[in-house]
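Chains as they are written, first to last, in the working numbering: chain A, 579 to 1247; chain B, 136 to 765; chain C, 124 to 288.
Misleading hints may appear alongside valid ones.
Said to hold, decoys possible - Below, in silico cross-link-like pairs of lysine-lysine (DSS-like), each with a Cα-Cα straight-line distance of 25 Å or less:
| # | chain 1 | residue 1 | chain 2 | residue 2 |
| --- | --- | --- | --- | --- |
| 1 | A | 704 | B | 725 |
| 2 | A | 582 | A | 606 |
| 3 | A | 664 | B | 153 |
To be verified - Each pair of labels, with its calculated beta carbon distance range:
| # | chain 1 | residue 1 | chain 2 | residue 2 | range |
| --- | --- | --- | --- | --- | --- |
| 4 | B | 411 | A | 1030 | 53 to 59 Å |
| 5 | C | 261 | A | 1035 | 28 to 34 Å |
| 6 | B | 186 | C | 270 | 33 to 39 Å |
| 7 | C | 280 | A | 766 | 28 to 34 Å |
What the hints assert, rightly or not - To give an idea of the chain B side of the interface with chain A (calculated C-beta under 8 Å), a few residues:
| # | residue |
| --- | --- |
| 8 | 159 |
| 9 | 623 |
| 10 | 666 |
It is worth saying that the hints were derived from the structure and are not from the lab. These numbers come from a predicted model, not from an experiment. Every residue gets a Cβ at the ideal spot worked out from N, C-alpha and C, and that includes glycine.
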Amino acid sequence: MNAKNTMTIDKTVIPIEGEKNILEVVRKAGIDLPTFCYHSELSVNGACRLCMVEVAGRGLMWACSTPPEPGMIIQTTTQEIREMRKIIVELLLASHEQACPTCAKSASCQLQALARKLGVKSVRYKPKQRKMPLDMSSDSLMRDPNKCVLCGDCVRICAEVQSVGAIDFAYRGAQSAVVPCFGRELGKVECVNCGQCARVCPTGAIVPKPEVEDVWRVLDDTQYVVVAQVAPAVRVALGELFGLDPGTAVTGQMVAALRKLGFDRVFDTSFTADLTVIEETHEFLERFKKGERLPQFTSCCPAWVKFMEQYYPELLPNLSSCRSPQQMFGSLCKEMLSAELGVKKEKIIVVSIMPCTAKKSEARRPEFEHDGLRDVDYVLTTQELAQMIDEAGMPFNNFEPDSFDMPFGFKTGAGIIFGNSGGVSEAVLRLAVEKITGARPQQCEILQVRGNAEVRELELKVGDKNLRLAIVSGLGNARNILEKVKSGEAAYDLIEVMACPGGCIGGAGQPVYREQNVKRSRTKGLYDHETLMQLRHAQDNPFVQGLYKTHLDGIGGHDAHKLLHTGYQSRRRSSDEDVPVHTAGSTAQEPLEISVCFGTSCFLRGSQKLMHDILDHIREHDLGRKVDVRASFCFEQCDRGPTVRIGDEIIHKCTIENIEALLAKKKLK
Amino acid sequence: MTTEKLGLEAIQAAYHKKASGLTSRIIICAGTGCVANGSLKVYDALCAAIAAAGLELTVELKEESGGTHVSRSGCQGFCQMGPLVTILPHSILYTKVQPGDVPEIVEETLRAGRVVERLLYENPAGGRRCRGTDDIPFYTRQHRYVLKKCGIIDPEDIAEYIAGGGYAAARKAVLDMTGEQLCLEMLDAGLRGRGGGGFPTGMKWDMARKQPEGKKYIICNGDEGDPGAFMDRSVMEGNPHSVIEGMIIAGRAIGADEGYIYVRAEYPLAVRRMRKALEDARSLGILGDAVFRSQLSFNLQVMEGAGAFVCGEETAMIASIQGSRGMPMPKPPFPVQSGLWGRPTVINNVETLASVPLIIAGGAAAFRSMGTKNSPGTKTFAVTGHVANTGLIEVPFGTTLREIIFDIAGGVTADDETIRNDAFKAVQIGGPSGGCLTEKDLDLPLDFDNLQFAGAMVGSGGLVVMNSGTCMVGIARFFMQFTQNESCGKCVLCREGTRQMLDLLDDIIEGRADSSTLGLLKDLGRCVKKGSLCGLGKTAPNPVLSTLAKFPDEYMAHVEQKYCPTGRCRALVKFRILPEYCKGCMLCKKKCPVGAITGEKGAPHEINLATCIKCGVCIEVCRLKAITGA
Amino acid sequence: MDKESIRKFEYIFEIVERNGRSPARLIPILQAVQEQYRYLPEEVLTLVATALGLSPAKVFGVATFYSHFTLTPKGKYLIRICDGTACHVKRSDGLLAALREKLRLRDGSATTPDMLFTLETVSCLGACGLAPAMVVNDEVHGQLTPEKAVALIDELLRKEDENDN
């Protein structure tokens, strides 16, 4: 070993291989240095103070923020460090609600684990927690501020990785708290429900909102036919919670467990993923042929869909209208199974097992609910399924593998790889290439689209056509790509976006991981698993083919559209009141309301000048007592701003002349 | 410098020509302290009275100006005696001047050339009246170097600054010196950061200078937040151009073309004066895109703080300038490597920067001739608390506390405001980051290293003198409360640690402490000191640890006997009437809000401790000092 | 017609424009806004966030971090008693108690119900030579006693009465 490029950690010589900080080298040495606030994908924070090491000749240094230097001699545990870590943990415990046995994070709480490891037997400091209410407003996540240790991981992943910033630090010192804007509830702000915050949270301060109780209840109720659909990414991660290596496919055991838990049918979301491939490819090729609404964005990821609705409503027409596989499954299953079994739809309960927290919110979107019945009733995460198996005391690893029910249990490899970032693109390409060239390539894998990079751009020569693709995971990366698309800096035909880095295998419903290689193992596991499938092309799925004949009046048909497609709406980032600019005051008549949109896009398109002109007009024509003027934040028509609402009428690309004409028409004199 | 570069010489000559016709000059201190005492009213009254007396008055220097020039200055330091009025060339300093005194000043001094004796400062030791600053011990024992022009020149007149040789050093630095030479000059001078840590300025500059070319920044740290310190405010208010000149030189040294002056929001006057000074410097081409008509550009702007002590911490200040919460970042990387917007950034304190032009102008050797070997130069201190003369002073490093407290500040005052030097108990140096020194440290020559060794620190230079009536546990709690309030909340040790330390101190003060309390407090204090993320946390335990070390008996009394030796800790006070002094006047009985005092007229009264709420009203009203809380 | 609110609204946009709509200028922008409104109303913070392209949560975080920003309206007279070291050792707590009593501020409230006075402490005004000191709006008053402080309030109340009549 080159002595020049090594350091000594706890008497072992370890090479330095480009690590950014000592912590990475220590971890490479296999030592689990405690830290709450270091994540390799986030900026260095230095808040938890736990990762201190003793550097010979220099004293205490913090491993997360100190670059390794050749020749450094480090001790990770000394008496002083032990005592200081203990004090830190005690301080945290003193300000932390210690309801550990009933905490959702009980088994995987890092604070609890560290207290145990350090042998903290009592907390010498006085309890300091102020009891704050739980935030149950979100359909996907549950916040318990009483358990927050203020490490800032959630804040940073939301802002740095997802570019959303739905939560941030507020207040100062001992009053510090992580809150959505203005201390509102999470469900009422711009959170996209991706749940990455819950993934990085070391304690139970943000956790996926549990639905286990509801599912147990319906399983025990004989009047219901309870159907499970399992997303592809679940099968390569569930085993981790039973001691298996990441990436180990446990499909058979999982199906067996679901049956034993009492599910009447166990189906595979990969089936509707196959269906998605066909619908989305059809949609894409139509657009590609006409050269319109390109690039097409994939729409499988509900966090991404909400992100688009909030921040890029002007690009919503480009979003594929295909429902996600989860929602396609829900509508199809209820439709077909009720007919097949002769059971009323309301007696069929669809439970999804998802690697995802956003799916919980997606299932509750109003467009997926008809006459009070949801297409998907409950959504469990991978973690929740494991918890149910655990509660039932089942010997999961010893289960004889079982297989999915037909017909929705049959899938091709195309539907399996959906769980990886790039999987949807590859599955679509397997069909698109065949459609464009009229022939099927020998090798079904399209390796160019695979990789660990979170942004992958490529051009594929297909026949005489060039397909320009971008495969993106992480919403911050998506934002960058969108900005490039908007500015014309880059052009693509198809863009696949998954909100969670790495795609669904890295979803927030999956077993919590800290090391990036866990994600890679799952990705590999899923690709490996796919190679075992007899069929690899969605279009080969005989049950899908049959479905188009029996139920969907062909690809792109009316019924297919009704059951498999959806629409989107622009959303305000948060529900705010308008700002009153001018009020008529008390008048005999109801004043006419004029609202000028000051959302970013309208603002840039000159709503400020327009507001001035309106106010001048009102002054000049003495309309002050007849109108209310308000500044609004978004009429959700950003591509056609500035937008003004007068009474019930909405005027796009509004000018002062439009307004004057309308006021004259309304005979406001 | 004979070649005409930027016409500093012309401005200088013009100023002197304008001033040549003047017969006298009256300088009214317009520092925050004197303004609060009504000095602006004195200024107006003087202008009016001079005009009314038919004497020639100059408010703004012009060609052909003559008669008496009345101007306002920044802080003259002797705040307690304000409003201060200086009359030149008579070298008279009038103190506590009120508008009513003005006619007499005009008639007697201006017209007749006589001194108004009753307005002179009276030395409490001996009762001798002192005519001017060369006669008043508060001034004669000081060595005013950085503050030399503070309190004399008109801070809003750039011409006066230039006339006194100002901006020549900056011009020399920009036109005739290299960055390397400038850094070397600072290293030779041995200038150390006046903001607290004492890091060598030249070394800091050189580290930033050696960073790869490109955008670099210089920031002036004027976020003086230590309670009990106001040196930087005085410099910014009294001589803002010296700070700008220092920044130009620092910018030249490291290759920065942009800078910020971060001023505490509580200093509106400093903000205004700095902004005005920037504007004036810009209009003369001293700042802007061609500094001193060179190829170099240098632009400065003032950033007003928004009320967060932690922003005095370099990385927090950077976050604040970037529009974020002022939360510190771990170092490395250091700001000289990656600071504002990720670019190399030097942050220097106000006093440090104000020293820089003086060093360039006078040479490193001259600077080294002051102070001690390892701490050359002078240091300003804000002397406050229980001393006769509170105010702003400047002394060479190496001066002893004894000289400062007893000679310059005029001695220690007891609670009844009389000077009683035996009432000295301790002095807190360095504010909430510092520690306290006692009787035995009085002859310690003050410098960075000695103070550190004695368990205190220069800090930004707050020096609070405490008399024997001060409870040291109470003082420790006061500082802990301060840092706890100002903790940004980012790192666990500071956020939770200071909160728990405060809680433990409350236990001690309120009689709940037990045998484990002091041990817990010490251990926690050491851990917070060692492990916190930034300077605020790392120094927060200092007042506690230093009072624990120096006044262990006082702590023990609180803990074991539940007794506060000074009687300041309300919860531990047991009010009691001394029958041998009480004449039974009934006053305390009448005033007691809860009827806890009983007794007949003419006979000694008694306090019912079960009812007493320890409000202290009885002590205040008793004329016979018959009630004690000890 | 409500000229006041139009002026305020326009002023916010002027402020944002003057600062080049730069997120780095968030603090100066909030300072200017607060000068106009005397506090930072939620809708204005959202407006600023929207105009700067920042998340409202971040703007809220900044507004709650710095003690000069306030999210609730303050009284016409903002009285800040210095509790810096020098003032503390000169018994600034007596001033605070006297003024709380005078203004009948109970249960930790800082503003009088008539919105005339807000009473706060500040860590140091840097007017240590005048200890104990307090600031009323921007005016420093030094070397105070509880009686002098109460007299100041009486003076302000008298002025208010005169203005009303």
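Hints, one by one, checked against the model:
A hinted pair counts as satisfied when its Cα atoms are at most 25 Å apart, and residue 704 of chain A with residue 725 of chain B does not qualify at roughly 41 Å. Between residue 582 of chain A and residue 606 of chain A the CA atoms are separated by roughly 18 Å; this keeps the pair inside 25 Å, and the hint holds. Between the alpha carbons of residue 664 of chain A and residue 153 of chain B the distance comes to roughly 71 Å, so the proposed pair goes past 25 Å and is violated. Separated by about 57 Å at the C-beta atoms, residue 411 of chain B and residue 1030 of chain A satisfy the suggested range of 53 to 59 Å.
Checked against the hint of 28 to 34 Å, the pair residue 261 of chain C and residue 1035 of chain A fails, with Cβ atoms roughly 57 Å apart. Our hint of 33 to 39 Å for residue 186 of chain B and residue 270 of chain C holds, since their Cβ atoms are close to 38 Å apart. As the Cβ distance of residue 280 of chain C to residue 766 of chain A is approximately 43 Å, the hint placing it in 28 to 34 Å is violated. Using the Cβ-Cβ criterion of 8 Å, the hint placing residue 159 of chain B at the interface with chain A is not satisfied: the shortest such distance is roughly 52 Å.
A cut of 8 Å between beta carbons decides the hint on residue 623 of chain B: the least distance to chain A is about 6 Å, and the hint holds. At its closest, the beta carbon of residue 666 of chain B sits 5 Å from a beta carbon of chain A; the interface hint therefore holds under the 8 Å criterion.
Hints 1, 3, 5, 7, 8 from the list above are not met by this structure, while the remaining hints are.
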